[in-house]
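Given next are the chains, with one letter for each unit.
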Amino acid sequence: MTKVQIYDKAMCCSTGVCGPQVDPALAKFAADLDWLKSQGHDVARFNLAQAPAEFASNAHVQKMLAEEGVECLPLVIVDDRVVSRSEYPSRENLAMWTGTVMKPKATLPMASDSGCCGGNSGCC
Amino acid sequence: MQFLNHPTRNLFFTGKGGVGKTSMACASAVQLADRGLRVLLVSTDPASNLDEVLGTPLAGEPTPIESVPNLFAMNLDPEVAAHEYRERMVGPYRGVLPDAAVRSMEEQFSGSCTLEIAAFDEFAKLLGDKQATSQFDHVVFDTAPTGHTLRLLTLPSAWTGYIDNNTTGTSCLGPLAGLQAQTLIYKQTVAALADADCTTLVLVTRPEPSAFREAARTSRELQELGVHNQHLIVNGVFKSQTPTDEIATAMSRRGDEAVAAMPAELAGLERSTVPLACSGLMGVDSLRRVGQTETSHSPAPLATRSHADFPAGLDSLMDELAAVGHGVILAMGKGGVGKTTVAAAVAVALAERGFDVHLSTTDPAAHVSATIAADELAGLSVGRIDPAQETADYTAEVMQTAGKDLDAEGKALLEEDLRSPCTEEIAVFRAFARAVSEGANRFVVLDTAPTGHTILLLDSALAYHREVTRQASQIPESVEKLLPRLRDPDFTRVLVVTLPEATPVHEAARLQQDLRRAEIEPFAWVINQSLAPLDVTDPTLRQRQHHELPFIQEVESTLATRVALVPWQNEPPTGLAGLRRIISAPSSLTH
Numbered sequence: 016m017t018k019v020q021i022y023d024k025a026m027c028c029s030t031g032v033c034g035p036q037v038d039p040a041l042a043k044f045a046a047d048l049d050w051l052k053s054q055g056h057d058v059a060r061f062n063l064a065q066a067p068a069e070f071a072s073n074a075h076v077q078k079m080l081a082e083e084g085v086e087c088l089p090l091v092i093v094d095d096r097v098v099s100r101s102e103y104p105s106r107e108n109l110a111m112w113t114g115t116v117m118k119p120k121a122t123l124p125m126a127s128d129s130g131c132c133g134g135n136s137g138c139c
Numbered sequence: 002m003q004f005l006n007h008p009t010r011n012l013f014f015t016g017k018g019g020v021g022k023t024s025m026a027c028a029s030a031v032q033l034a035d036r037g038l039r040v041l042l043v044s045t046d047p048a049s050n051l052d053e054v055l056g057t058p059l060a061g062e063p064t065p066i067e068s069v070p071n072l073f074a075m076n077l078d079p080e081v082a083a084h085e086y087r088e089r090m091v092g093p094y095r096g097v098l099p100d101a102a103v104r105s106m107e108e109q110f111s112g113s114c115t116l117e118i119a120a121f122d123e124f125a126k127l128l129g130d131k132q133a134t135s136q137f138d139h140v141v142f143d144t145a146p147t148g149h150t151l152r153l154l155t156l157p158s159a160w161t162g163y164i165d166n167n168t169t170g171t172s173c174l175g176p177l178a179g180l181q182a183q184t185l186i187y188k189q190t191v192a193a194l195a196d197a198d199c200t201t202l203v204l205v206t207r208p209e210p211s212a213f214r215e216a217a218r219t220s221r222e223l224q225e226l227g228v229h230n231q232h233l234i235v236n237g238v239f240k241s242q243t244p245t246d247e248i249a250t251a252m253s254r255r256g257d258e259a260v261a262a263m264p265a266e267l268a269g270l271e272r273s274t275v276p277l278a279c280s281g282l283m284g285v286d287s288l289r290r291v292g293q294t295e296t297s298h299s300p301a302p303l304a305t306r307s308h309a310d311f312p313a314g315l316d317s318l319m320d321e322l323a324a325v326g327h328g329v330i331l332a333m334g335k336g337g338v339g340k341t342t343v344a345a346a347v348a349v350a351l352a353e354r355g356f357d358v359h360l361s362t363t364d365p366a367a368h369v370s371a372t373i374a375a376d377e378l379a380g381l382s383v384g385r386i387d388p389a390q391e392t393a394d395y396t397a398e399v400m401q402t403a404g405k406d407l408d409a410e411g412k413a414l415l416e417e418d419l420r421s422p423c424t425e426e427i428a429v430f431r432a433f434a435r436a437v438s439e440g441a442n443r444f445v446v447l448d449t450a451p452t453g454h455t456i457l458l459l460d461s462a463l464a465y466h467r468e469v470t471r472q473a474s475q476i477p478e479s480v481e482k483l484l485p486r487l488r489d490p491d492f493t494r495v496l497v498v499t500l501p502e503a504t505p506v507h508e509a510a511r512l513q514q515d516l517r518r519a520e521i522e523p524f525a526w527v528i529n530q531s532l533a534p535l536d537v538t539d540p541t542l543r544q545r546q547h548h549e550l551p552f553i554q555e556v557e558s559t560l561a562t563r564v565a566l567v568p569w570q571n572e573p574p575t576g577l578a579g580l581r582r583i584i585s586a587p588s589s590l591t592h
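So the protein sequences, as listed, match chains A and B. In terms of the numbering used here, the first sequence opens at residue 16 and continues consecutively. In terms of the numbering used here, the second sequence opens at residue 2 and continues consecutively.
No lab work stands behind these hints, which were simulated from the structure alone. Hints may be right or wrong, so weigh each one.
Covered stretches of chain A (chain B as the covering partner; in silico rule of three or more C-beta atoms under 8 Å from a C-beta of chain B) [stated by the list, open to error]:
#1 76-89
#2 104-112
Below, a sample of chain A positions facing chain B; criterion: calculated Cβ distance under 7 Å [to be verified]:
#3 Pro39
#4 Ala42
#5 Gly55
#6 Ala59
#7 Phe61
#8 Leu63
#9 Ala64
#10 Pro67
Lysine-lysine pairs mimicking DSSO-like chemistry, simulated, CA-CA at most 30 Å apart [stated by the list, open to error]:
#11 A:Lys52 / B:Lys240
#12 A:Lys18 / B:Lys412
#13 B:Lys405 / A:Lys52
#14 A:Lys118 / B:Lys405
#15 B:Lys482 / A:Lys118
#16 A:Lys118 / A:Lys52
Bear in mind the structure is a predicted one, so any value in this text is a computation, not a measurement. Glycine is no exception: its CB is placed at the ideal position from the N, C-alpha and C atoms.
Starting from the given sequences, assemble the full structure and let the hints guide the process.
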């Protein structure tokens, strides 16, 4: 079992349904994490607005925030190693980092750095 | 007021802005306190005028009202509550997390949800937590205008349901996340509202069809939430004492007709009828008399203005409104002031000048749509923004686009998030943006719009969105262009609609401030249903006329650059003929 931690930007929902337009990449990433969890991994996702304590208590995250600002988010940390920053990785990458075998199915993965209902979206 | 014979611990007054719910709540609180009971009166209205009515400056905690022993009153200010809430969430991380991260958190906690949640949180403390109010025998809530209150009341169910059903822990709870520990209090709040031995919901309305419709909707929605102990106050019922006064007779008749035709769900409720007061209810003495048989009229003071002095009618605005040849006209204002009627009248007048006009209304009864369609006017089309329909369409669209490539689990997750309370707000916002975009080649007249506050939030949301995505194409063009269009005085004209009374004028002034913060300057104010320019002899109506004058004056001198005044109508302003009468100058309507 691998420990996977995601540190998100300040936003209100992980699928992005509350922005002016739903970002497919966010919906997809939420689904990918759900899948990763179903494969037996320890997945934890933290949102800056809702779980700032998690950001403050992780030295890696603190350092990256101090050096690069919030642009480094989302950060993906696998077993205490930063494997991805500023973008939502694909299911393939998540599988690779955690040594998970994927069933041969799959639609084309799309990486994106787009955000969702952060800021004053007026929704959440 | 029969509900005062066996009063429950909590009395909850709701209704549209301007129906007199603050007066009714105050009157009830004063009358209970006069019996020696300890009473706490609470306003959750962001534009509370409780201070004004009671003649005592109030704060965020119970303040004794000197002239009424046993009565305490307080205002729950949602802005203050939101600020405190934001500080509670963000404050501990100042100097702990880098500044940029703290700023980003602050931004996320500036949304309208935070305001709602903070206001609700305050309210839940009083209603759900008996300890907080244990030293009082009764708590009287003078709530915010209906839509807002409903949201406050609906949210706990939505939230508790949401938290219960959310198995994945990735939900769209937004700022609520910080309050999950309080769900127990929210549950108790809902339970207290639904407990007939504990809470009475008092629906306040005026004897007018639109106010009855709104009250019926509130009643129905609250019944669905389990709030069954409801009482109806029909406030401002007028009986003409002067058969020779045509206007007084017509007003009596219109009120009687509205009462006779009230929706079935209201007709079944226990009801109190409160006569039309000669003037606004201000001060404790007048509150003590509410609901008691009265009223000896003092001699009616003479109106101090001649007819010629009053602002011109809506027709005075039409040339300027028509000049651009296309664009959006928004009738904005609080519920019950006649936005739909003003919007429909302007749409008719533009169509009759030969323009292509689309009238889009949120009027749930589709009343305007029906009356105009029956008459059929060339060049005018009528549409409707239906929140339920918009939400269903939006959900389906998201599932087909963002949900397209997801597996079954992913689809389920997305569907779950789409059930969040945010979705309807966004769906309606998009429908509004779409309607506005149609003003590029013709006239679009809308009877409602998001508040300036929402528009302001959109601005920062778009800026933020652009910054993080760097691909503006993700946002629908209609949303992207919405704010520039609303700010363009040659594209959008906002008509602020109000009544010549204290609460509606002050609420409209607040709305205007919100709009200005979003850099939208209202084009004109419309003072609707004014008795002032009419020839009346009935003593009550004479006093009402006199009572209107300072508010007309206030709008003219301090609030508006252009003012149109629409007189009270003998006949309900429906159908083409009725709407044409609205446009005519007041002088042509006096007898």
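Worksheet item: What are the numbers of the hints the structure violates, in ascending order?
Response: 2, 5, 6, 7, 11 and 15
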